[in-house]
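In order, the protein sequences belong to chains A and B.
Just remember that my numbering sits 66 ahead of the position in the first sequence, which is counted from 1.
Just remember that my numbering sits 8 ahead of the position in the second sequence, which is counted from 1.
A few of these clues could be false.
List of simulated lysine to any residue pairs, SDA-like, C-alpha gap at most 20 Å [unchecked claim]:
{"#": "1", "chain 1": "A", "residue 1": "Lys89", "chain 2": "B", "residue 2": "Gly422"}
{"#": "2", "chain 1": "A", "residue 1": "Lys256", "chain 2": "B", "residue 2": "Val293"}
{"#": "3", "chain 1": "A", "residue 1": "Lys89", "chain 2": "B", "residue 2": "Lys59"}
{"#": "4", "chain 1": "B", "residue 1": "Lys221", "chain 2": "B", "residue 2": "Arg231"}
{"#": "5", "chain 1": "A", "residue 1": "Lys89", "chain 2": "A", "residue 2": "Lys256"}
{"#": "6", "chain 1": "A", "residue 1": "Lys256", "chain 2": "B", "residue 2": "Pro292"}
{"#": "7", "chain 1": "B", "residue 1": "Lys59", "chain 2": "A", "residue 2": "Leu211"}
{"#": "8", "chain 1": "B", "residue 1": "Lys345", "chain 2": "A", "residue 2": "Lys256"}
{"#": "9", "chain 1": "B", "residue 1": "Lys252", "chain 2": "A", "residue 2": "Leu211"}
No wet-lab data here; the hints were simulated from the structure.
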Amino acid sequence: MDHLDQLEAQSIYIFREAFARLKKIALLWSLGKDSNVMIWLARKAFFGKMPFPALHVDTGKKFPEMYRFRDHYGKEWDLDLRVEPCPPIDAVDPTLPPAARSAARKTEGLKMALAKYGFDGLIAGIRRDEEATRAKERVFSPRGLEGNWDVRDQPPEFWDHFNASPPQGAHLRIHPILHWTEADIWAYTKRENIPIIPLYLSQNGKRYRSLGDQDITNPVASNAASIDEILIELEQTKVPERAGRALDHETEDAFERLRVAGYL
Amino acid sequence: MNMIVTPASPATPNGTTRPQVRIVIVGHVDHGKSTLVGRLLHETGSLPEGKLEMLKAVSARRGMPFEWSFLLDALQTERDQGITIDTTQIRFRTNSRDIVLIDAPGHAEFLRNMITGASQADGAVLIIDALEGVRDQTRRHGYLLHLLGVKQVAVVVNKMDRVDFSAARFKEISDEISAHLQGLGVTPTAVIPISARDGDGVAARTDRISWYKGPTVVEALDRLEPARPLEALALRLPVQAIYKFDDRRIVAGRIESGSLVAGDEIVIMPAGKIAKIKTVESWPVTPVAGRQGAGRSVGITLDRELFIERGDIVAHAGSAPRETRRLRARIFWLHDKPLAKGDQLLVRCGPKESRATVVAIEKAVDPGELSSSENKAIGRNHVGEIDISLSSPIATDPYTDNPRTGRLVIEVSGRIAGGGLVLSVDAGQRAVPVDIVPVESALRPDERSARYRHNGAVVWLTGLPASGKSTLAKALERRLFSNGGSPILLDGDTIRAGLNSDLGFSATDRSENIRRLAEVATHLARNGHIAIVAAVSPAREDRATARRIADTAFREIHVATPAEVCEERDPKGHYKKARAGALTSFTGIGNDYEAPQAAELVIDTSARTVAEAADEIEQMLKSTGVLFDEVVDLAANI
Chain A
67 MDHLDQLEAQ
77 SIYIFREAFA
87 RLKKIALLWS
97 LGKDSNVMIW
107 LARKAFFGKM
117 PFPALHVDTG
127 KKFPEMYRFR
137 DHYGKEWDLD
147 LRVEPCPPID
157 AVDPTLPPAA
167 RSAARKTEGL
177 KMALAKYGFD
187 GLIAGIRRDE
197 EATRAKERVF
207 SPRGLEGNWD
217 VRDQPPEFWD
227 HFNASPPQGA
237 HLRIHPILHW
247 TEADIWAYTK
257 RENIPIIPLY
267 LSQNGKRYRS
277 LGDQDITNPV
287 ASNAASIDEI
297 LIELEQTKVP
307 ERAGRALDHE
317 TEDAFERLRV
327 AGYL
Chain B
9 MNMIVTPASP
19 ATPNGTTRPQ
29 VRIVIVGHVD
39 HGKSTLVGRL
49 LHETGSLPEG
59 KLEMLKAVSA
69 RRGMPFEWSF
79 LLDALQTERD
89 QGITIDTTQI
99 RFRTNSRDIV
109 LIDAPGHAEF
119 LRNMITGASQ
129 ADGAVLIIDA
139 LEGVRDQTRR
149 HGYLLHLLGV
159 KQVAVVVNKM
169 DRVDFSAARF
179 KEISDEISAH
189 LQGLGVTPTA
199 VIPISARDGD
209 GVAARTDRIS
219 WYKGPTVVEA
229 LDRLEPARPL
239 EALALRLPVQ
249 AIYKFDDRRI
259 VAGRIESGSL
269 VAGDEIVIMP
279 AGKIAKIKTV
289 ESWPVTPVAG
299 RQGAGRSVGI
309 TLDRELFIER
319 GDIVAHAGSA
329 PRETRRLRAR
339 IFWLHDKPLA
349 KGDQLLVRCG
359 PKESRATVVA
369 IEKAVDPGEL
379 SSSENKAIGR
389 NHVGEIDISL
399 SSPIATDPYT
409 DNPRTGRLVI
419 EVSGRIAGGG
429 LVLSVDAGQR
439 AVPVDIVPVE
449 SALRPDERSA
459 RYRHNGAVVW
469 LTGLPASGKS
479 TLAKALERRL
489 FSNGGSPILL
499 DGDTIRAGLN
509 SDLGFSATDR
519 SENIRRLAEV
529 ATHLARNGHI
539 AIVAAVSPAR
549 EDRATARRIA
559 DTAFREIHVA
569 TPAEVCEERD
579 PKGHYKKARA
589 GALTSFTGIG
599 NDYEAPQAAE
609 LVIDTSARTV
619 AEAADEIEQM
629 LKSTGVLFDE
639 VVDLAANI
């Protein structure tokens, strides 16, 4: 088994554990490279059919390319797609810096979707190498009744034994690609020939390394116009993956605050 | 992310696979662990380009002599900042081995890290400061290695430069630690005098330790025996789930050890059912050809329909794991409330979960104090050996046979509260712990159904005492028999008089009573008979178990006669006795009967004659495919 085989087998194991041990789960599909890999892995885990819904918590501010991608592959992959809206910006904590506040709409939209469907598990495509608070995550990460994350009281996780009994009304975040890196995602996308949104590839010396909302995501300087070139770029670059994400740079703890409150 | 230091030396030139050995380095704080690791990486040519220069610059900037420990410390800082997480593993090479160093750092977290990291180690290096000698921590770590079953321990006596390379001092320490370890049943593979900072004894025997004739650290590591690779062990495929998304019935799970390929004869434990692997399914391309090895998450289909459930283990016939309801485990405890004898727990062994009771606590040790407490309870962050009795049989291996299936965790209130290793499996309830390979009937199911004009089934009548179950069961038995069928009555009381005479009326015994009834009934159903079970079976969970066992053959009939009618009838006088207090644990008085929510049929015998009720049952059996609607042309089938 090579490195990608091992990552894949581990993720499939996690998917199957989540499906077996929780009653009502959904996969959070942000349309980005990570969640596309996740859907691919889920279809591998369940032999072609993802047996739970793909939930797109839609801020309404994604790039047109992303919406086109969603509508096309939602059908082609035969997903049970649920698109859920987010509340207007006024409904969000005004003390947050602008970009974080804009992003926090997604947390609120997520809470609304949770309340609407009663999911006890949400599968999310975060990776440890993305960002320092994500690095501290568990594979099965319990959330409080408000969707909040208690960093100081995370249950122990041994070997591949996960805690999967959320308290009544609370839910778990399941992270099947926590152990992957950005480079792994691209290498696997290439190996498996998983479709991607063209915004990731360089045009006029710029490309998006991480796709979020239009108003708070910026492209980075890059000439990588193919996955092979992206992989070479990743070996050399010292620029962090989320450099183009405005909310990460507003205040030192903006992202941690968001995550503790329930953001991905 | 694992920290992998790319070796500067080329990979095996002849392409052979080098044995991989996993080691852990332990010892008292400041006895030189980081320095030894840095030195080992350097001496074995495993440092990435430029790292040495970087370390020199860092040391110079701080106005310090060159410091090896900065190497590991820098990596730890990286990890603390969230760049590299997970159990850090550092790789380097000796002459004939690939060494994976499992870093188990930290103080407060030491035990948890040590046990998760070191429980996977094939060997250990125990480091002792020559000046300070054997300290409490040294003894503690020695003890933990023993607890974890790490048998290959190389001892290094570091900082020999501080004692002027005194052979006498070395012998003193060597004797003391050897005696301590031998007292624990561990014989050190070597005791080596070194100066990690200067390199004496690490990769080379220098003049300063010319009196020492034993191996260097690198040589000692080179002699460690690797654990057998997981693929070389017997097949263990713990079942995560059965998927029926289309016409395939796929048994899904991860191969923890061994390998499998379509065509293999397998046995499903703990039940011991046998089958052949028909296909290995995958996506987008399926089926997959070729042998699948340890680590793969796979899906297999079988050549016959068997009742399999999550937690079962697929193994090869002849090398199956043991089935047990009793095991001994060495555990580390993390819960605030100490673990005590009699505690009820949930044990997870892979995907298998079972309720369990702590039968005995054989050892309880505080690794901090290194003292055995009075064996009454295992406190938070303490270690112990316990005997557990399980409410349902599980298939498992001692961890020395299989490190993957020999692990377990313990859950309290839905949260992992401890974990550990299976030390031994008591096959107690089964006289001989051999692999069970059930013999299949000589007849095919369709041969029998052609004769009886029905398929095998388990018709399960549940209801309050005196609701009319036995009466109905007998009427049905008579009806089916006169139509040429093969009904067999399994009345709860009758079975309790014989097969289940060892069982009482506790919840556990009741569950076991139902399980056995279901097993017998299912066996009959598989052989084409209609097993008519008449049993109160008050617990919904127990009936769910029965349904799982009998699978598609199960038909549940709720004999829903009102409670007051049942008590009025009272043919056996049970209600009267119970009211008089002479009969305890009697279902019917009180609220302990859990009515079915989705029975195939509900019958109230106070509103129907026995013949009408039998008609209804017959109709249900027809409409659900047990009885053939039309009279089959028998001749055509014979």
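Status of the hints after comparison with the structure:
no.	hint	in the structure
1	Lys89(A) - Gly422(B)	15 Å, holds
2	Lys256(A) - Val293(B)	17 Å, holds
3	Lys89(A) - Lys59(B)	50 Å, violated
4	Lys221(B) - Arg231(B)	16 Å, holds
5	Lys89(A) - Lys256(A)	33 Å, violated
6	Lys256(A) - Pro292(B)	15 Å, holds
7	Lys59(B) - Leu211(A)	48 Å, violated
8	Lys345(B) - Lys256(A)	50 Å, violated
9	Lys252(B) - Leu211(A)	34 Å, violated
Of the numbered hints listed earlier, those contradicted by the structure are 3, 5, 7, 8, 9.
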